[in-house]
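Line by line, the protein sequences are chains A and B. In terms of my numbering, the numbers along the first sequence are unbroken and rise by one, the last being 327. In terms of my numbering, the numbers along the second sequence are unbroken and rise by one, the last being 331.
Some hints could be false.
Unchecked claim - A few chain A residues that don't get close to chain B, going by computed Cβ distances all over 10 Å:
{"id": "1", "residue": "Leu-8"}
{"id": "2", "residue": "Asn-47"}
{"id": "3", "residue": "Thr-70"}
{"id": "4", "residue": "Asn-79"}
{"id": "5", "residue": "Thr-93"}
{"id": "6", "residue": "Pro-100"}
{"id": "7", "residue": "Leu-119"}
{"id": "8", "residue": "Leu-123"}
{"id": "9", "residue": "Pro-166"}
{"id": "10", "residue": "Ser-182"}
{"id": "11", "residue": "Leu-196"}
{"id": "12", "residue": "Val-200"}
{"id": "13", "residue": "Arg-234"}
{"id": "14", "residue": "Thr-239"}
{"id": "15", "residue": "Arg-243"}
{"id": "16", "residue": "Phe-315"}
To be verified - Where chain B lies over chain A, by a calculated footprint (3+ residues, C-beta under 8 Å):
{"id": "17", "segment": "104 to 116"}
{"id": "18", "segment": "137 to 144"}
{"id": "19", "segment": "276 to 284"}
Stated by the list, open to error - Listed next, the stretches of chain A that the computed footprint assigns to chain B, with coverage defined by at least 3 CB atoms under 8 Å from CB atoms of chain B:
{"id": "20", "segment": "184 to 190"}
{"id": "21", "segment": "262 to 271"}
{"id": "22", "segment": "295 to 305"}
To be clear, the hints were calculated from the coordinates, so they are not data collected in a lab. Cβ coordinates follow ideal geometry from the N, Cα and C atoms, glycine included.
As a plain string of letters, each chain reads:
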Amino acid sequence: MAFITRRLAFYAVAAWVAITVNFAIPRVMPGNAVDTLLAKFPTLDANSLKALQAEFGTHTHGSLISQYFTYLGDLAHGNLGTSVNLYPAKVTTIIGQTLPWTVILVGTATVISFVLGTLLGILAAWRRGGSLDRALPAFTFLQATPYFFLALVAIQIFAVSWGLFPFGQGYSLGLAPGWDWSFISSAIYHSILPALTIVVTSMAGWMLQMRNVMITTIAEDYVLVAQAKGLPPRRVMFTYAARNAILPNLAGFALSIGFVVAGALVMEIVFSYPGIGLTLYNAVTSDDFPLLQGIFLVISLSVLFACLLADIVYFFADPRTRTRAAY
Amino acid sequence: MSVLAEPVDPIPGGAPELPAPVITRRRGAVRRLPAKAKVGAVLLAVFVLIAVIGPAIAPFDPSATTPGQALPLGPNSTHLLGTTATGQDVLSQLLVGTRSTVVLGLLTGIIATVLAVGVGMSAGFLGGMSDEGLSLVANVFLVLPALPLLVVILGYLPHSGELPTAIVLSALGWPWGARVIRAQTLSLRNRDYVAAARESGESSWRIILFEIFPNEIGLIAASFVGTVLYAILTSVALAFLGVANLSSWSYGTMLYWAQNGNAVQLNAWWWYAPPGICVALLGMSMVLLNFGLDELGNPRLRAAGNVRVGRRTWRPSDPTPVLPDEQRELA
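Could you build all of it, start to finish, from the sequences and the hints given here?
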């Protein structure tokens, strides 16, 4: 259990850093949220402004320490302030409406791309020099392509030219979000194209890493022994080589998830997908700093949570973590 | 990329080699450079060249509009890559915008690599508490999602130029390299020649600079290339989000204006495809370079080298062929 405790402690530190950075940024940066507020409400007197500031969660009065503790207290109560742009709406409400879209879409697509990429990597390494292995440079092109550009191309081909999929949005106009079939099927239909672009672009990274580790693993003596024993190739490939080669890929999952999420956020803008990425974009374009910071915090904590999940999977996949304090 | 974390065999191929004169070994290394790395280097050189001469050879002012035009114009003999909705020449924007994207990428690569080398080598070499502390900082920065953080920071610095963006990008981009360099330093630290240098009374900084650093050049180059790729992709994404100086031209701002002008809905592929393809090609040159550097350090990763024996193709990954008798005759 030492492994899990260590990782938990690490993520606690990481979460604290994220929370503190979120507190520090508006106070360190030139041009602050108060100016934005003033610009939005030019006719306010000092008292109302102070009240508004408190409501928006930008407490700029009191010492830095007391501000910090007020901020932590607000966080503990789930209070992220109020959006400047969509005024009466709470930041938490807006995030609560948009986060599920992103989590479901990006989560599913990431798992699919990880599984597919790892499998293809195993095959490429196993048939080293084969057609899949030789096609690797083509995959590097995908790896180097920004998600959102691929999304633009996908819309052009599949939506504009062929009309197979909708342009964007999360569901058909005129449908009310709810748990009925017409809405869910519409949501799934609208998510196919965004999901495909995530899978296609992020798959290459998993695949390349898996291939490279796998090639090193295949040269190990125990793989040779397994082959010499005359075990079926498939068993050697999966149970002997891939079983061990996947560990660095799992460990790397935590480091890569941030990139996948970042790419997916920008991709949402292209599809006008009603997730947190589009909200982030709207917050940026309208200088909605409370919303911007709330989104940063939620994304950071979600990514940290995903990393923790990956580490727990790693814990079960690598028996060494259970016998000694490795990693 | 965690393969990099493993100690790299200093002599690729592992054959016992006599110390050869430095010049011949270098020339051999260049000739041995994998084809992927060569393609990557050539591609990168083309982009650097465009970055240098692009603004001079651009046929039009990239910001000059045609009065009265409301729809993007397809490629024609005057505008080889067509125009934007306001009549700006896409080719000129591309030629001018290359500089900003390339400069930002290289600048971030340099700053972040210097940071990564400094932190990674000191953490790996000093060990103990300083290692724990520096590794913790690096790991925390690694798991924090960089893009949202950058959006928040740069959101407060509107219309920031290349230098502030490069500094913020480097501040978040160094840990990846630092981690890899630290792992390599840890393994080099316990080699005999480092122990010998220490015994002969060399100072820590001399050992780091003259014993360890030269053996990590390949790794540092790979980390540099990786950081440049990250910087280019992230800066393009940031510009696409509108968190950049939108009055200057780069691949990212081109894509931003194309998206804002509904280029896709207007079927104006010539508007958004050129900058996107350029980003992808520029990024691919980095990935290919990194492939090449990886393969140089770990020759097993190369794809080539199949041997046909009898009717079977033996791959380098296969165990030493144990051939049935009839095939042994053929071989």
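task = Tell me if chain B covers the segment 262 to 271 of chain A under the three-residue, 8 Å CB rule, please?
result = holds (count 6)
ask   = For the segment 104 to 116 of chain A, do at least 3 residues have a Cβ located nearer than 8 Å to some Cβ of chain B?
value = violated (count 0)
ask   = Taking C-beta pairs only, is A/Arg-243 more than 10 Å away from all of chain B?
value = holds (17 Å)
key: Interface-negative label, A/Asn-79 against chain B, beta-carbon threshold 10 Å   = It holds; A/Asn-79 is separated from chain B by about 19 Å at its closest Cβ, greater than 10 Å.
key: Least C-beta distance between A/Thr-93 and chain B, which was stated to exceed 10 Å   = holds (19 Å)
query = A/Arg-234: least C-beta distance to chain B exceeds 10 Å?
reply = holds (15 Å)
task = Report holds if the minimum CB distance from A/Thr-239 to chain B is greater than 10 Å, and violated otherwise.
result = holds (17 Å)
query = Counting residues of the segment 184 to 190 of chain A that have a beta-carbon nearer than 8 Å to any beta-carbon of chain B, does the count reach 3?
reply = violated (count 0)
ask   = Non-interface claim for A/Leu-8: all C-beta distances to chain B beyond 10 Å?
value = holds (13 Å)
ask   = Does the claim that A/Pro-100 lies off the interface hold, with its Cβ farther than 10 Å from every Cβ of chain B?
value = holds (18 Å)
query = For the segment 276 to 284 of chain A, do three or more residues have a beta carbon lying closer than 8 Å to a beta carbon of chain B?
reply = Contact hint for the segment 276 to 284 of chain A vs chain B: holds, 3 residues under 8 Å.
inquiry  = Checking a non-interface call: every C-beta of chain B should be farther than 10 Å from the C-beta of A/Asn-47. Is that right?
reply    = At roughly 26 Å from the nearest Cβ of chain B, A/Asn-47 sits farther out than 10 Å, so the non-interface label holds.
The structure fails to meet hints 17 and 20 from the earlier list, while all remaining hints are met.
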